[in-house]
Every structure is written in C-alpha cells, then in structure tokens.
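Asks: Chains as they are written, first to last, in my numbering: chain A, 1 to 538; chain B, 1 to 307; chain C, 1 to 308.
Where hints are given, some of them may not hold.
[Claimed, not checked] Ranges of calculated distance between the beta carbons of each label pair, as one might list FRET restraints:
id	chain 1	residue 1	chain 2	residue 2	range
1	A	T415	B	F74	44 to 50 angstroms
2	B	S173	A	S286	32 to 38 angstroms
3	B	G169	A	P485	37 to 43 angstroms
[What the hints assert, rightly or not] Calculated cross-link-like contacts (lysine to any residue; reagent style SDA-like; alpha-carbon spacing at most 25 angstroms):
id	chain 1	residue 1	chain 2	residue 2
4	A	K192	B	E89
5	C	K196	B	W158
6	B	K40	B	K52
7	A	K513	B	I221
8	B	K52	A	K513
To be clear, the hints were calculated from the coordinates, so they are not data collected in a lab. Note that CB positions come from ideal geometry on N, CA and C, so glycine has one too.
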Amino acid sequence: MKQRLLLSTILSATLAIPAVAANVPEGTALAENQAYNYWMLDAIKSLDPQIVSSVEDSDAVRSLVEGLYNEDGDGNLVPGVALSHDISEDLTTYTFHLRPEAKWSNGDPVTAGDFVYAWRRLADPATASEYAWYMELMQVVNGAEITAGEKKPEELGVTAIDDHTLEVKILAPLPYFPKMLTHTSVFPVNQKVVEQFGADWTKPGNFVGNGAYTLKDHIVGEKIVMEKSDSYWDAAHTVMSPVTGLTINDENAALTRYEAGELDRTTVPAGQYPRLKEEFPDEATSTPYSCSYTYIFNLAEGKGNEALKDVRVREALSYALDRDIVVNNILQGGQKPAYSWTHWAMNGFTMPDIDYSHWTQAERDEKAKALLAEAGFGPENPLKITLNYNTSEAHQKIAVAVQQMWKQKLGVEMTPQNFEWKVHTDKMNAGDFEMARYAWCADYNEASTFLDLWASYSGNNDAKYSNAEYDALLKDAKTAADPGPDYTKAEEILAKDMAIIPIYHYAKVDMIKPDLKGLPQNNVQQTWYAKDLYRVAQ
Amino acid sequence: MFSYIIKRLVVAIPTLLVLMVLSFLLMHAAPGGPFTYEKKLPPEVLANLNAKYGLDQPLWRQMVSYVWGIIAHFDFGPSFVYKDRDVNEIIAQGFPVTLHYGSIAFVVAVVSGVLLGVIAAIRQNTWIDYIAVGISIGAQVLPNFVMAPILVLVFALWLGWLPAGGWEGGELSHVILPVIALATSYMASIARITRSSMLEVLTSNHVRTARAKGLPEHKVILRHALKPSLIPVISYLGPAFVAMITGSVVVDMYFSTGGIGKAFVDSALNRDYAVMMGITLLVGFLTIIFNLLVDILYAWIDPKIRY
Amino acid sequence: MVLSAIDMGALAERLAMDEVKGRSPWTDARIRFMRNKAAVAGMFLLIIVSAFAFFGEMFAVSTYDYIDFSRSGDVLHLGRPSLASGNYFGLDDQGRDLFARTAQGTRISIIVGLVGASISVIVGTLYGAVSGYVGGRTDQIMMRIVDILLAIPFMFVIILLLVMFGRSLSMLFLGIGLLSWLSMARIVRGQTLTLKNREFIQAAQAAGVRGFTIILRHIVPNLLGIVAVYATLLVPEMILTESFISFLGLGVQAPLTSLGDLISQGAKNMRYGTIWQLLFPLAFFMVTMFAFFFVGDGLRDALDPKDR
C-alpha cells in the first residue's frame, strides 16, 4: 500500500523529498579506513550508461554517474540531479526541475541538454544499445519508432526547456514512470566528452561523470577503482573512498578472500548460509531480491512434449516438486518457496492465495499421483520428459533433486539436460525443449515486470502460454487507478492453468563486514550507491 | 638453417589463414550468438546491433572485412561483449599478465622438472629416485583446481603470508601462488619424461663409450647424456607452453589475475566472436613460433637432423 | 662419410640381436615385466580399482543418483562416512551415497582415459612415424596440419562439440581422443627423425624393404618405449582433461559423474567441513594415476629393446 500512497502524493503536485547521502547518525565515530572492496562475479562489460548491460556494470555506473533520481535503502525515490517534478493534467507530460549546482567531474554544469543527448543516444540505432527498448518501455514519445529507424533521434519526446528544466512526453499515463528513472540507461552523459573520445570515453583518464565518484582505474576482469569526486554536489557527505570492485569468478574463492580480509562484501555460496550465520552472526545476511526461479513447459502447438499439454500432468509435476527441499536443503539462504510467479516482496503487490500452497507435501504428493494416473500414466506407462537447464552448479543441484523427487514419488522418468548458457537460451527461443529452467529479475519495482512476461504478446514468453483473460487483465492494469487486484487475479489464472512451475523467490545472501553501514536493507532490486556507505570505528 | 626459418615463417601465413577460416566457421556454426540473452532483445534492437557489428552481412563478407582489418590496420575488430573495448585492447591487457606468470611458471617447471628427472635417473632405484618419482607423480595427480584452493587456504588464510588473489600489476607476492599452481603439473611431466629418456640414453653405446674413455661421471652426464635425453622433453615443451597459456583459465579464475585464459573461455561461452578469433589466432601464432623453436633446438641437439 | 665408433658398435649390436631368434620379443617383455615389482603392484592396483569401478555399485546402499532427502539438508552432520549407515564414503553435498558415486565416477574416468589414450596412441604413432619417416614435403604438410590443429585451442573444440552434438560420453571420447593424438604425433615424429638416420633402417632400405613395412617393423617397435611411457602419461592426462572440462561445468551429464567432477565438487566444499567429499574421490584418482605410472614404467623397461 505504501506505493499507492507515494504515487498519489506524486500525482497531487510536486515531489519534494529530502536528500539522502551517507546518512551517518549523529555521534557515530567513523573508522579511519573508509576504503570499500566489493565482489563482482564477472568483469565489467561497459561503463557507458547507455551501453551498460549487466549488474556489475550498473553497480559501478551508479557511483560514477547520477540520474534524475536515486533510491534510498527502502527502494523509495530520492532526488538526484532532479530536485522535483510536475505532472500535467493528462498525466503524460513530466517536467523535471534540475539541481543548479550539479557538475560534471570536468567542471561543466549538468544541464537538461545532457539528459536530452543521453536519451536520444539510447534510442538512436547508431548507438545500438541493448537497452534501447527501455525508451519504449518508458513509453517516451517516438522512442520505439526511433529505435526501429523510422524517425530521427531528434524527434524523441524529450526537450530541454532551459538548462535546468527537462520535459518528457509519454504516450499514456504510466504510474511507475518516475521509478524507471533510476535505471542507468537513462543516466546523462557529457556530450563533449563522448564526441571527443568516441568509444574510448569510458577509459580511466577520459571518463567524465557527474556522480559521487571518479574513475581511477579499470582493468577488465580484475578490478575497478573509484575515488571520491570533489565536484559532486553532495561531496561533503561522501564518506567511502576509494571504492574497489574485484572480479572473482568463483564464489568459493571470493568467500576465502573475504575471510582473508580482502573483501568487505561477497556472496554466500549455495548451502553455506546456515553455517556462516552460526559462525558470523553479524556478517551473514539474507535480504529479498526481486527475481523468481521457475521451470517452464513448452506449450507451443506442435512443439515440446504432448503429455505436458495436459494440465493434469503439469499439476502433478508441480505438486510433487517439493519447494521446501529446494529452499531448505539445497539453497539454504533464506529464499522463499514459490507457488506464484511475482516475487513476494514487490512494491504494492498482494500475493494471491494459491490453494496448494497451504497443503502439506504429503497431500500434494497424494494428489499428484492421482492426477497422473488420471492422465493415463503409471508404472506400466511412465511419463518420460526432459528438462533443459543451463550450466551452473545451483541449477544442476535443483534439476537432479527434482528428477529424484519425480522419480521417487511419481515414477516419472525425467532426464535433466545440461546446456551451456547460449545454447540453452537459443533452444528456448527456438521452442526446442520440453521443459526448461527460467528465471526473471525485475526491471523496476512493480509487479507488471514479472506478469507481462507471460502475456501471449510478450516477446519473452518462451512457454508460448496464451490466455485471453490473462492478457486482458494485464492490459487493464496499465491504466487502472489501482492495478493490484488485476495482478493478483492474473496470478490466480497462471496458477490454475499451471503454465509454469514457480519454484522459489530469490534472496540476496551476502557476507558483509560488521563495520560497514549504509547498505540498503529493504530494496528488493538490491540497488546500492557507494555514496551512502560508511564504516564505523570499532 | 636461416633459409629454413624463413621458409617456415612464410608457411605460417597460410597456416594462420586456414586456422582463421576454420575457427570462424566452427564458431558461427555454434548455436546462439553474442546477443542471445535470457531477456530476449526486441527485433529492432537486435537488428541495430547486428548492423553495427556487421553480423547482418553474409559470412564471406564478414570474413573478408575481418581479414582486411587485420592487414590494413592490424585491427582485430571490436569486442561484441565488452562494448567499449576492441580485441587489440583486450589482448594487450590480458596477454602480458598471462605471459608474465606463464613464462615464470614455464621456467620453473622446466628447470625443476629436468633437475628432478636427471637426479632420479642417475640414482635409479635408490631412495632418491623413489622420492623424486613420488614428488613428480604426486604433483601430477593433484589437479590445479584442487591445488589452487589448497595453496590459498594455506598461504593466504592460515599463514597470511600471501594475498589470496588479484594481480596488482604483477607484484611479486601476487605472482607466487599462480606460478606454483600452474607449474607443478608441468614440472612433474617434464621430470618423468626426462627421467625415462635419460635412463635410455645412459645405457646407450655412446655413453658407454664415454665412460669407457674414463671420463668422470658428471662430465659424462653433462656432456654426453643430457643433450640427447632432452629431445623428448623439447617435443613436449612447445605444446606445453601453449597449453599453459590457454590452460591458465584455472589460475585466472581462482586468483582473479585477469589473464587471457579466462578471457578466452569467456569469449567462447559468450560468443564474443572477434575476441575468440583474436585469441585463437594469437595462440595459433605462438604455437607456430614454438614449434619452430623446437625444431631449431632439435637440430642443435642432434646434429644428424638436417633440414 | 666415416662412421663413428659408437655407430659401429650400435650396428654390431643390432646385427647380433637379429641372430638370436629363440623367443618372441613379447615373451621376453612379459617376463621382464613380471619381474618388476612396482609394475606388478601397479597392475594389481589397477585390477582392484577396475573391479571397484565396475562392480562396486553392487555393494552400495543406494544407486549413484538416489538422493536421501531426509539428510540432504545437513550433510555435514548427517552424511559423515559411516559403516552403520552403509554410506562407507559418506554422502555427497546433495545427499547421495558417495561410495556408489565414486564407483560410478571411477568407471567413467577409467573409460575416458583408456579410450582417449588408445585413440591418441594409435592415430598419433602411425601419423608421426609416417610423417617423420617419409620426410620432405609429406612431412611438411603433415606437420603443418598438426600445427593448425594444435593451434586451435582444444577447449573451444570440445565446447563446440559438446554444444553442437549435445553432451554425451561418445562425444567426450571423440573430442578428447582426437585432440590428444596431436602431441603424440609430434613426439613420435621427433623420435622417428633420429631413428631414421640409424644404420639398421638404412640397411633395411638398402635391402629394398617397403617404406610402410619399415615403419611397422623397425620404427614402431623401437618407439614402443617412449610411446608406452607417453601413453601412460596420457591416460591420467585424459582423466585430468576430463576433470578440467567437468570443472568448467561441461563434463558428463548429471546425475552421472566422473572422478574429476567429484574432486572438483569436493575441492569447492573443502573448507566447509565435508572433507570426505574430496578425500575419497581424490584417493581413487591418485591410486589410479600411480598405478598407471608404475605400469607404464614397467612396460617401458620390458619393451625397450636396448636393454637386452
């Protein structure tokens, strides 16, 4: 309900929220050492806001560049370059008032023109951004047409009224539009610098940002080093420096380096959380993370396994899949068993009441056996299916456990098929699978980012699930004053059709040094800003 | 000899071309492309990307422009994944790192391996031999992905002497563990090959003759036995060096050294075509050079071989 | 050209050798092999390990893929090796009987090693011997082909093979075997180059023996020593290669496993108290390797004609 309240405040007039930087409580003794070393699974692929495509990229870019709004520790918006905004009567024109004192690290002022340049650049086919569709998702006027090459970037519905006033026109009212502005792909870039250096502008020495940090060093695959920027408007409140991200591809190696004191934050390998929690109660943490894990069925006509087109078979498989074992025996990191698709912690989302989520596992197994027998499968005629998953230890553990569950309880012969990531994806896109592992992470903190996926018109709906009622509900939700009930209803339809087997909702399971403060506690997208962090003296 | 080397180098060019075409075709035959993601890109976005990277062109065209880029500007193309870098930069950054710890490991492996093998051979069937053989087998049966975490556990976590990872521009403390992890199994192989070949040479007639002439044993070994017994070792060195370069992926993964080994496997898995090709060609080039060096060494050691 | 005293000596020895044709050289070899204690011990170990690999699962409390869900959540405390529970080697981190899995994994590893090494020995020896013996342009071309193939980073080829044809054991054999004959060929060629100038080869040539016959009769037998040693280096190397592929996550299809896969898993969990998950597979891995090495050395000593 919090989200609704916030939005109605936004709709009423102007948004004015207190600025938050490193919010050090009074009287806190800060540690002398304010260096922060964090873990990155992969190398940073790009530091160009419009090119950014991975979590590692955006984590770094959020420190180097600042967008219109930032998020606080609970996922609420706080002013960044924009101080506030107004919305027109028809809810399709946003006017942002920019902070006059904001500066680039080369001394230039940050202007509305920088945003116009960056946004056009995002949509421009010549940039070939993988996130070009974000303009379309935000419904910015002409965004889709520009990306498709039908219109010129200059025709994008974004204008600089003056240096500190930015106007954005969108196609239809979009209640969560402001929330989408924290995505790095709509962060500004300095036109002069980009044009001067071309693709090299993101290199250390060339990089010019408007964020709380400047780029000191970046060695792809090894590390990125960022230092406090003195030209940042809120530099007085930036405490952490230098901030170093280290790429360590092996989670266990990363944990070792954490224990050796080389990292201040790292991830916990699957299954190790209970032990670490016991040993280091102040350091092991688990917070909700807005991703959902599922097995999808290939429901496309003429493809996949015909037996799986029978809803009773799908139900039987889902019932017999013991989520508690997946969560408590395999992952063991505070993940939650899932019986519905949308992550439980999404802002403003009410979990649907799914019948079988209340049953005991024994009841589910009983029902599963009955359903499967009804569908004509039994010891004489066992159900034979394959499950595709991509190469990863955790996926493999879950797949072989599920294989055993189905075999031990139902006599189903499931063959897990391990494919390398690109092949797995390619097979899913081509509809060349019977069942497949899939996961989705929220693009923004609202349920539609999950539910839109299974609409029949969605490009990512590899299950080829199609239900007119479901589609209608989602379309309705786009304009409804309160889309909440629509979302809940859609979830119920999804569960009734058993189009997918939701398995669990993610949690971010980390080891964090106890003196490190200011990390987000309730931000389901796990968006963090280095400028909010600080270390206390011990 | 000189003209032989020139000839071999000239032959290297078509070799590299064949290698290029072969890997190019293999790569494009693999399912999935650089822009295949779980979150599928909308068709217009994909079209823009393909246009930008020339993937919308027919294969032969892509290949021609790739070759032309190399010939005309020594440009191996852009990375499709690391979008603000090109292949030259990626190699220029990763290769010196790998070369740095790789060549140290190579020297360590060769010197200690040959030493171990020779000692074992001249003291055949004594406890020295057994210990040397034991060490070399022990070192060989421990895969480096077991070795690496053990080294880190002991030297970084328990003793705290060395950092658990990172490269820091090749600071000595960051080089030691990667070198040990990489060198041991090659050292073991070299020791075993040296030992068996040395044993063979020691029973050969020219060594017997040398002994019969009354030369002291160490002179027999250094002057007459060592050189011929190194032939099989040398055969092993060319491929071993290249294998160390590509096989450094374990080191890169455990110690986060940022070398070319990891970049190589990543590029294959990510379908980063140009990077993949660039590293393949680099490794191919190194192989050719090393094979040539091996052949030259052959001729030097065994004057009966003529080219 | 004046033959050196050494070469004369060698020639004399060869000639003398050819006169003694009482027993087949292979009988001699067998006798010599059986006299070598380490080699016999290695052979014995290999038989034991193979017996375990092929029949061990019969004595296991459950199959290699059976998960005991009641204990899989706390393997550290409930899955220790124990005679009472029948899990002699404990449970793996998924709650499966490690005894059964080690047996099954050893089987896969031994098969991969043997098949891979055989392919590489047969193909590599013939190829290298022909190339080195024939020499000239043929040698050039044959070695360039090897260069090209060697210059293709083999991990990529294996990844591609596993990717395009799906993961299967036969693909793994093919990939590993086909790629490893290359260095074998180079080594054999190097040896052949030195052998080729020996007098007994020249004598055979002078006598008008056909080239291929010379290769099979005179060159290959003289290479057996080095080939045997290299082949026994290869078997463990194959097993190691397989484990490396497993480490990258591209190994045999789960729930099947291999020693490499088990070790890789065990090494990852090494610090978390479940050390038995590393120790048992690693022990079998090492014993298998030791055994192959000893047998290889024994073979070398037994087959080396120069020792006669």
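Asks: Work down the list of hints and note, for each, if the structure agrees.
Replies: Hints and how they fare:
no. : hint                                    : verdict
1   : T415(A) <-> F74(B): 44 to 50 angstroms  : holds, 49 angstroms
2   : S173(B) <-> S286(A): 32 to 38 angstroms : holds, 35 angstroms
3   : G169(B) <-> P485(A): 37 to 43 angstroms : violated, 59 angstroms
4   : K192(A) <-> E89(B)                      : holds, 24 angstroms
5   : K196(C) <-> W158(B)                     : violated, 56 angstroms
6   : K40(B) <-> K52(B)                       : holds, 18 angstroms
7   : K513(A) <-> I221(B)                     : violated, 59 angstroms
8   : K52(B) <-> K513(A)                      : violated, 44 angstroms
Hint violations for this structure: numbers 3, 5, 7, 8, all remaining hints satisfied.
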